[in-house]
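> Here is what each chain is made of, one letter per residue.
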Amino acid sequence: MGAAVIVKGLKKTFNLRHSHSLKETLVWLVKGRKGDLTKKFDALHDVSFEIQPGETVALLGFNGSGKSTLLKLISGVILPDQGTVRTKGRVAGLIEVGAGFHPDLSGRENVYLNAAILGMSEQEIHEKFDDIVAFSEIEQFIDTEVKFYSSGMFLRLAFAVAVHTQPDIFLVDEILAVGDEPFQRKCLAKIKQLSDEGRTLVVVSHDLDMISRICDRGVVLSSGTVQFEGPADQAVAWLRERN
Amino acid sequence: MSNSTDTYAVPGVGAGLLDVYRRRYLLKLIVRKELRVRYRGSVLGLAWSYVKPLVQYVVLFFALGIVLRVGDQIPNYALYMFSGVIVINFFSEAFSNATRSIVSNAALVKKIYLPRELFPVASVWVAAVHFLPQLIVLLAAALLSGWHPDVMQLFGALLGFIIVAVTATGLGLLAGAINVFFRDAENIVDMLMMIVTWTSPVLYDWTMIRRLAAPWVLTIYQLNPITVAVELFHWAFWYPTVDQPVELPPHLLVTGFIGLGMAALFLVIGQIVFRRLEGHFAQEV
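Top to bottom, those sequences are chains L and P. Using this note's numbering, you'd call the opening residue of the first sequence number 1 and step up by one each time. Using this note's numbering, you'd call the opening residue of the second sequence number 1 and step up by one each time.
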């Protein structure tokens with residue numbers, strides 16, 4: 001059995017200044033393409049690693065180190081400029097909790113929509129619906145429009161949908177910061193359960209204590225390159241030393 | 001996204017419109033969302049899709065049929081005009097909403113990978129949902145005028161509908177993708193939609209163009225897929241109610257299939273451009 005995620009020689013460059021006007025671009029073209037229309041910024045540079053099935057891996061680093069970009073590349077939201085990403089099995093990318101939620105739809109409609117966005121079939125959603133609602137503990141408000149939810153209720157429902165999608169690879173960005181203490185414990189238990197079921201988890205978080213508790217391995221990024229790769233507690237220690 | 005566990009997938013690279021078919025349940029939910037969101041907090045709700053075209057139609061009919069007397073040369077002018085107007089309404093709603101669809105779903109496009117073709121296709125679908133009540137009104141009006149179509153004419157109407165839907169999807173994919181990089185696209189499309197009513201025989205008939213223009217201009221005019229669809233609708237809903245001799249454009253069905261070919265070509269071009277640009281959507285939108 002091969003790796004679940006293979007990342008090879010990844011490079012991603014962003015344009016810093018965006019030109020959204022046809023006029024500006026035409027002027028630039030007419031002037032013989034003098035100068036760069038946009039400034040460039042390397043978000044990731046030559047990043048390679050592999051993640052084995054069933055592993056729980058944390059992507060670590062300070063703000064702007066390229067963690068979220070890397071997660072977006074693995075989920076396919078953006079494509080690399082160089083290098084390759086390969087994944088095996090169903091991927092559920094949670095770059096932001098509740099990204100697919102629409103404020104004007106009810107909780108129920110949002111569960112269906114979001115679960116379908118994350119790749120579940122109609123039948124799977126029907127089967128899991130009650131579990132999702134029960135996990136979120138907001139049964140009472142499930143037919144209320146989401147715009148009337150408190151932020152805690154919103155995150156609970158969004159997280160509940162995400163953990164019930166049964167992906168082979170689960171990508172999560174900062175979602176461990178959801179809800180109150182009891183709900184957080186419940187989320188962590190659920191994540192542990194997913195990982196025990198043999199699912200692969202890739203986590204981005206700034207909560208270093210939590211990472212050293214739940215992750216097997218850590219990949220530390222800095223200025224878009226991999227600086228350290230090893231057991232989670234060592235990775236956390238490595239990062240703390242440079243703080 | 002692939003369900004197989006023994007082969008590697010390249011994230012972010014899908015099968016285009018084929019993926020839309022594979023995930024048609026999601027398409028259904030997105031269409032439902034669009035319809036729900038469109039009429040949030042409105043008392044009339046979907047009834048607005050009757051009221052708006054009706055008002056527009058009454059204005060046009062009054063101005064052209066009664067004041068300018070265009071209708072004197074076309075028998076059953078009210079029905080003639082309505083069968084063309086609903087085609088144009090369908091096309092312009094589908095095309096202009098598809099053009100905006102990627103940008104207006106930016107929150108999703110940026111955060112989660114899903115086949116982005118879903119959004120333009122959903123826009124066309126929503127327009128088709130709005131087209132349905134207008135078609136029912138047209139059928140009622142035709143029946144009142146003694147409508148008795150044959151099978152070929154009904155087939156012609158279906159062909160016309162497919163041509164418009166496919167053209168709108170193709171052009172919507174193209175303009176929707178370009179709109180991510182240049183928001184000028186939506187303004188250009190709005191401008192085109194102002195013209196499109198007049199570049200097809202909706203308010204007048206094709207013989208008026210024949211009288212004015214050179215034969216090759218007329219040929220180009222008649223090859224416009226929207227013109228093809230409008231003429232097919234005339235053939236299906238208006239022509240059977242007319243009891244005096246009128247001149248239909250020649251070779252309607254042949255032009256119909258050419259129109260379908262053109263629509264398919266637009267779809268292929270739209271899909272190719274969309275796929276080439278799709279990789280940059282999340283970072284540019």
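Please keep in mind that the hints were generated in silico from the structure rather than gathered at the bench. Keep in mind the model is a prediction, meaning the values are calculated, not measured. Heads up, the beta-carbon is just placed ideally off N, CA and C, and yes, glycines get one too. Among the clues, some could well be false.
Cβ pair distances, simulated, as ranges [stated by the list, open to error]:
1. P:G279 / L:L29: 19 to 25 Å
2. P:N224 / L:D130: 37 to 43 Å
3. P:L265 / L:E124: 35 to 41 Å
4. P:A78 / L:E137: 58 to 64 Å
Simulated crosslink set (SDA-like; lysine to any residue; CA at most 20 Å straight-line) [claimed, not checked]:
5. L:K40 / P:V285
6. L:K39 / P:F182
7. L:K186 / L:L155
8. P:K28 / L:E127
Some, not all, of what chain L presents toward chain P, calculated at C-beta under 10 Å [as the list claims (entries may be wrong)]:
9. I6
10. L73
11. I74
12. L79
13. T87
14. H102
15. V133
> Please list, smallest to largest, the hint numbers that this structure does not respect.
2 and 15
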